[in-house]
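Residue numbers (this note's numbering), protein chains in the order written: chain A, 3 to 458; chain B, 55 to 446; chain C, 309 to 480.
Rather than coming from a laboratory, the hints here were simulated on the basis of the structure.
Don't be surprised by glycine CBs; every beta carbon is placed ideally from N, CA and C.
There could be a bad hint or two in this list.
Claimed, not checked - Quick list of simulated restraints, FRET-style, between CB atoms:
hint	chain 1	residue 1	chain 2	residue 2	range
1	B	Phe154	A	Phe371	53 to 63 Å
2	A	Arg14	C	Ala469	29 to 39 Å
3	B	Gly155	A	Ile353	39 to 49 Å
4	A	Gly139	C	Lys394	40 to 50 Å
5	C	Met355	B	Val329	52 to 62 Å
6	C	Gln427	A	Leu159	12 to 22 Å
7	B	Glu441	C	Glu451	29 to 39 Å
8	A	Leu50	C	Arg311	37 to 47 Å
9	A	Leu314	B	Ser339	50 to 60 Å
10	B	Lys205	A	Ser6	21 to 31 Å
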Amino acid sequence: MYTSPLREPLIRGNKNYKQVTDDILSPMAGKPSKYWYAGITLAGIALLFGAWATFRTVFYGIGEWGLNKTIGWGWGITNFVWWVGIGHAGTFISAILLLFRQKWRTSINRSAEAMTLIAVMCAGFFPLIHMGRLLLGFYIFPYPNTRALWVNFNSPLLWDVFAISTYFAVSLVFWYVGLIPDLGTVRDRATTKIRKAIYGFLSFGWTGSARHWSRHETVSLILAGLAAPLVLSVHTIVSFDFATSVIPGWHTTIFPPYFVSGAIFSGFAMVLTLMIVTRKALNLEEYITLNHIESMNKIIILTGSIVGIAYLTEFFIAWYSGVEFETYAFFNRAFGPYAWAYWIMMTCNVITPQLFWFRKIRMSVVLTFIISIFVNIGMWFERFVIVVTSLHRDFLPSSWTMYKPSLVEVGLYVGTLGLFFTLFLLFIRVFPVIAVAEVKSVLKSSGEKQKTTDHE
Amino acid sequence: MENQKFIQTKKLSTLIYGMIGVGILSLAVSFLIGIGGERIAANLLLNTYYFLALGLIGLFLVAVHTIAESGWHTSIQRIGEAMSAFIPVAGILMLLLFVFGGLHLLYEWTHEDHLDEILLKKVAYLNAPFFYVRFAAYFTVWIVLAYFIRKYSLLLDQSGDLKYYRKFRIFSAVFVVVLAITSSTSAWDWLMSIDAHWFSTLYGWYVFSSMLASGTAVLIILLIALKRMGYMGHVNKEHIHDLGKYLFGFSIFWAYLWFSQYMLIWYANIPEETVYFYERHKHFSTIFYVNLILNFATPFFALMTRNSKRGALILLPVSVIVFVGHWIDLYQLIMPGVVGGEQSGIGIPEVGITIGYTGLFLFFVFRSLSKAPLIPKNHPFYKESLEYHTQY
Amino acid sequence: MNRYITAYYLDEENLLKGLGQLKAKGLKIRDVLTPFPVHGVDKVLNMRRSRLTRVAFLAGAVGALLGFGFQAWIFTIDYPLNIGGKPFFSVPSFMPVTFELTVLFSAFAMVIAFFMSNQLGPGAKALIHDERATDDRFLVVVEVDDSRAEENIREIELALAEAGAEGITIKA
Numbered sequence: 003m004y005t006s007p008l009r010e011p012l013i014r015g016n017k018n019y020k021q022v023t024d025d026i027l028s029p030m031a032g033k034p035s036k037y038w039y040a041g042i043t044l045a046g047i048a049l050l051f052g053a054w055a056t057f058r059t060v061f062y063g064i065g066e067w068g069l070n071k072t073i074g075w076g077w078g079i080t081n082f083v084w085w086v087g088i089g090h091a092g093t094f095i096s097a098i099l100l101l102f103r104q105k106w107r108t109s110i111n112r113s114a115e116a117m118t119l120i121a122v123m124c125a126g127f128f129p130l131i132h133m134g135r136l137l138l139g140f141y142i143f144p145y146p147n148t149r150a151l152w153v154n155f156n157s158p159l160l161w162d163v164f165a166i167s168t169y170f171a172v173s174l175v176f177w178y179v180g181l182i183p184d185l186g187t188v189r190d191r192a193t194t195k196i197r198k199a200i201y202g203f204l205s206f207g208w209t210g211s212a213r214h215w216s217r218h219e220t221v222s223l224i225l226a227g228l229a230a231p232l233v234l235s236v237h238t239i240v241s242f243d244f245a246t247s248v249i250p251g252w253h254t255t256i257f258p259p260y261f262v263s264g265a266i267f268s269g270f271a272m273v274l275t276l277m278i279v280t281r282k283a284l285n286l287e288e289y290i291t292l293n294h295i296e297s298m299n300k301i302i303i304l305t306g307s308i309v310g311i312a313y314l315t316e317f318f319i320a321w322y323s324g325v326e327f328e329t330y331a332f333f334n335r336a337f338g339p340y341a342w343a344y345w346i347m348m349t350c351n352v353i354t355p356q357l358f359w360f361r362k363i364r365m366s367v368v369l370t371f372i373i374s375i376f377v378n379i380g381m382w383f384e385r386f387v388i389v390v391t392s393l394h395r396d397f398l399p400s401s402w403t404m405y406k407p408s409l410v411e412v413g414l415y416v417g418t419l420g421l422f423f424t425l426f427l428l429f430i431r432v433f434p435v436i437a438v439a440e441v442k443s444v445l446k447s448s449g450e451k452q453k454t455t456d457h458e
Numbered sequence: 055m056e057n058q059k060f061i062q063t064k065k066l067s068t069l070i071y072g073m074i075g076v077g078i079l080s081l082a083v084s085f086l087i088g089i090g091g092e093r094i095a096a097n098l099l100l101n102t103y104y105f106l107a108l109g110l111i112g113l114f115l116v117a118v119h120t121i122a123e124s125g126w127h128t129s130i131q132r133i134g135e136a137m138s139a140f141i142p143v144a145g146i147l148m149l150l151l152f153v154f155g156g157l158h159l160l161y162e163w164t165h166e167d168h169l170d171e172i173l174l175k176k177v178a179y180l181n182a183p184f185f186y187v188r189f190a191a192y193f194t195v196w197i198v199l200a201y202f203i204r205k206y207s208l209l210l211d212q213s214g215d216l217k218y219y220r221k222f223r224i225f226s227a228v229f230v231v232v233l234a235i236t237s238s239t240s241a242w243d244w245l246m247s248i249d250a251h252w253f254s255t256l257y258g259w260y261v262f263s264s265m266l267a268s269g270t271a272v273l274i275i276l277l278i279a280l281k282r283m284g285y286m287g288h289v290n291k292e293h294i295h296d297l298g299k300y301l302f303g304f305s306i307f308w309a310y311l312w313f314s315q316y317m318l319i320w321y322a323n324i325p326e327e328t329v330y331f332y333e334r335h336k337h338f339s340t341i342f343y344v345n346l347i348l349n350f351a352t353p354f355f356a357l358m359t360r361n362s363k364r365g366a367l368i369l370l371p372v373s374v375i376v377f378v379g380h381w382i383d384l385y386q387l388i389m390p391g392v393v394g395g396e397q398s399g400i401g402i403p404e405v406g407i408t409i410g411y412t413g414l415f416l417f418f419v420f421r422s423l424s425k426a427p428l429i430p431k432n433h434p435f436y437k438e439s440l441e442y443h444t445q446y
Numbered sequence: 309m310n311r312y313i314t315a316y317y318l319d320e321e322n323l324l325k326g327l328g329q330l331k332a333k334g335l336k337i338r339d340v341l342t343p344f345p346v347h348g349v350d351k352v353l354n355m356r357r358s359r360l361t362r363v364a365f366l367a368g369a370v371g372a373l374l375g376f377g378f379q380a381w382i383f384t385i386d387y388p389l390n391i392g393g394k395p396f397f398s399v400p401s402f403m404p405v406t407f408e409l410t411v412l413f414s415a416f417a418m419v420i421a422f423f424m425s426n427q428l429g430p431g432a433k434a435l436i437h438d439e440r441a442t443d444d445r446f447l448v449v450v451e452v453d454d455s456r457a458e459e460n461i462r463e464i465e466l467a468l469a470e471a472g473a474e475g476i477t478i479k480a
């Protein structure tokens, strides 16, 4: 198939198929570098902090947190939504970019999907821990029970249970099905008996047979077709938690698509944060090129702008509605006691992504890395602003109060950061971080040398 | 069939003039048989807005595919450009409508002596002078950007000089940003303010999604029509498949936004918001459900299989259904607020005036198609589109 | 005891050309092993259109009916509850869970069908003809007609050599 010379190559270095296998699989061999050990130690310490905080919460109860009657949801739910949002990029890259035939996704989709799975695990931790009586967590599932009770299907919180569970299950399956051919490759190159046995088991008997490949492509395509609306639906259902209420700030129709855009926005920022470090550390700059970074930055402008337009729309309609409570809620966000959080959010989410209109900034790895961190900070504050400022001042002024997180709440958040980085660092040692077979399939059309056959 | 321009046949001209004639006649007859001014004004607004939106979406599709560096879309880009030719026409028609009594008939916030406390709160935005200022701003930016995008597209094709390609891209990017904002604000101004006591933050995007689905449907209809007239031979099943995927996807996206807006208002059950749907469900209930059947159920089930999207057999009728369906969608956005259940219906004004506008739209589309070669041969990605085959 | 002969190519375009030649000579190609999917091979091997799509659709329909039906039954017959004044048969509320179950059933049914139809799964034994089939080699596996083995083997070897394949090996 013809590719216009105007397109930047997606794989640099004039690679052939063997080099692709070697380059991508080599980080899995040998001993990890000292940076890896440093990283996992830091992540481990964070994880221990989280373990302590979990212990405090489970043994002493939710009183260990800074919540009160007015503000019943604070850092816990903010973190939940933040992590779920981040997880959306992986499926977006795998499914939606596949449907749009964006070949540049092939070098980032494997890691992004792994990131999704880990992020969803971190996210799922928060609803669990905020229940107080963790051991009764299974109450949320509708199974025949001696209480003769079913769950409340009218509640968005219950819809969340189904959405997040389905999302995790389908993402896992999508990631793993895609991984199987690459696991076959790892098995066939394994030098020790143990590695051969382990990857032999994990690769489920994959041989590379054309019949298997044909069905594999069909499955991938249909999974992509299913995962695309799924990823939209999950953050939509999460947004319903905050859109179905009646209090100002928690009742607005724009939330579903706005939350989805925000999720993709923060997710891509996290993918950039991870990939910029990974590509350097694992010598994969010829696969995760500046072109890839630029494409991801363009998606950041797109989704960041959508989020920005949503902010302005909400603000305008809050005035236009003539509902004084709605108008006050937005005035209070910008000028009340939590104004500092609001303006951090606006600066990070509305202003910073607009910098990517400038090509120099788009193509700069250092600036992209910095901006990606700011985006995630901004998106954290967005959820904080939505959750806390709407609760701290609603209809009854005598109930107005402030919220401050306790050390235990901070510990839980830091713990999930530790979990995230620990699992990701393990991932890069155990699995190929780039989809080997997929990259090979686009090598001829998008590699640096427009390869031809060796006859003629 | 090298690089041709479209040549308008006598048959086509007769059809188009006939349709425009039907429109003018229907308008006259509507006045004569005593159809209320509100209902006539509502129909004029509906159709002017509908075909304006088709023009904007045609241009939007060109712009978005340009900035996304899409190869396959270059083959059909002239159709989108042609649809945008209607934008200035819509501007003139809309201005005439508003100035000659339409504003008063359509919008209760113009009845300055009857403003209740809620409408008084919105007076800073909903007042005639500011309304006209915004109106002028929208059409100015749209017409200017459409002009430059078309200009550079043609210059690129005539010369092959890549500096025109860069300008084409820049103006496309600006248009996308501008449309993202103005599509919402114009929907608030012209459509949402009809029910001025009501509001919804999703409204702008909801209307946009409706027009996006319809615009894609119209693009497909125009493409198939051109192919049947012997043009666009370079467009193959792959291109059509992609357009079919868009129609499928955009229809689902519209349904998703429809559901989001409906469910959230239903769930919270706040009377000042639910009154909007109550009115529609009570007095326009058939239309309410037909809207969902035409715009969601039909494309969803009919376009699910791979083959259904690869040829005109299923794609053409579904596109026509979606085109009619989104007209119905606009109908239930406008009519309840302007006319109410008792006086409205689907009669001579609705059918006849729509036929007239369709004819007028086609007049300008075919005129634009005849002004430039249908194949943008010098577009840097055109060769990719020519040799286009996908694996799935 | 079926014998076969394997040979490989280093490039997928050569593979496709070679396959065409081998088919023309009437060779029975048992399988083709590649490091990534190569389009055109399925035609050579006369593979049917996959039925996985139908599995996905049916399973999704089952999931939808189950999800919606279950919620409707719970809220109208088994244990109706007044939640915020909403009707018992609250259709808009039922949609999110219905949608999720549709996707869940569809995805899982299809993936399980995928594993079953390919006979892949935990513990499945891979018959590895060439360890580089998952690396950079495009393998062809040709069946030997055991009734006239010696002659057939020579024919096949000749045909493979003419079609540009390398590494021709006889496997038992």
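Non-conforming hints, listed in increasing numerical order
4, 6, 8, 9
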